[in-house]
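Peer 1: Sequence:
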Amino acid sequence: MKIIGKGFLARHLSLAFGDRFPDVTAIAVGVSSTVHGTVTEFDREAHAVYDVLRDCRKDGHTALFFSTASAGMYGAEDSPGTEDGPVFPQSIYGRHKLAIEAAIAASGVDWLTLRLSHLVGDWQPPHQLLPFLVSMVKSGDVTVFRNSHRDLVDVRHSIRIIEHLLETGVRRTVVNVASGVPEPIERIVSGIEQRLGVQASWKIVDRPLDATVVSTEKLRELVPDANDFGFGPDYLDALLDRYVGPAADKRIDGPTPPVGGEQVSG
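Residue numbers are given in UniProt numbering: position 256 of the sequence shown equals residue 256, and the series is strictly consecutive.
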């Protein structure tokens with residue numbers, strides 16, 4: 001697999017696939033923040049995608065693109081959270097991702113677009129959701145946005161999903177990669193506190209209800225193993241058990257896996 005990017009997801013792709021899927025180019029150089037992305041970052045991702053599409057047309061390769069299943073894409077009240085829409089993106093980030101999806105679909109190359117929810121795993125940058133919340137709890141002060149929810153997925157499960165989709169020849173379609181369970185931020189923070197043995201001081205900020213439910217029907221049909229990943233009410237506990245606390249710190253601080261393929265900044 002040729003991997004464009006060198007960040008969190010790119011590292012896991014490289015570690016999992018190496019020289020497998022040589023006719024696939026994974027574009028893992030997207031804007032990493034759903035809130036603070038800049039015009040420069042959006043332009044960088046767009047140009048990286050366009051370069052990949054030109055190369056894929058020349059070489060007959062498949063473009064693997066990572067879009068978003070966040071509230072920025074599916075947060076509208078009349079959006080059903082399904083891949084075939086309707087979709088009314090609620091943020092610049094969501095609108096940007098949808099526009100890139102359209103460019104890929106119209107490119108004439110083989111492609112696969114995965115709309116990812118919030119991935120969790122080793123080597124995750126500190127600004128992303130779980131490590132950011134962990135750092136706040138450790139500091140002793142946490143700002144909690146009441147009514148805010150997040151759908152979390154273990155990056156190891158996302159890799160298994162990608163592997164199955166590529167192996168079975170799934171192409172020219174969009175697939176949600178999500179648990180389908182929007183977890184309240186309060187529950188996530190409480191779970192972190194329990195595992196760290198810390199009682200932080202909470203500042204509660206009220207906001208409108210944000211509980212986007214992402215459909216996993218297509219995912220479960222295309223990847224039957226996803227039915228065994230434990231998606232459901234106990235999935236959050238399994239994630240926090242693995243990625244929060246002393247055992248997680250020891251594993252995350254270990255050697256960073258090499259990143260294969262061609263990279264650009266990401």
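Treat the hints loosely; a few may be bogus.
[As the list claims (entries may be wrong)] Calculated pairs, DSS-like style, for lysine-lysine (alpha carbon to alpha carbon, straight line, at most 27 Å):
hint, residue 1, residue 2
1, Lys58, Lys138
2, Lys6, Lys58
3, Lys2, Lys58
I should point out that these hints are in silico values taken from the structure, not numbers from a laboratory.
Peer 1: Compare the structure with the hints numbered earlier in the document and write down the numbers of the violated ones, lowest to highest.
Peer 2: Violated hint (a single one): 1; every other hint is consistent with the structure.
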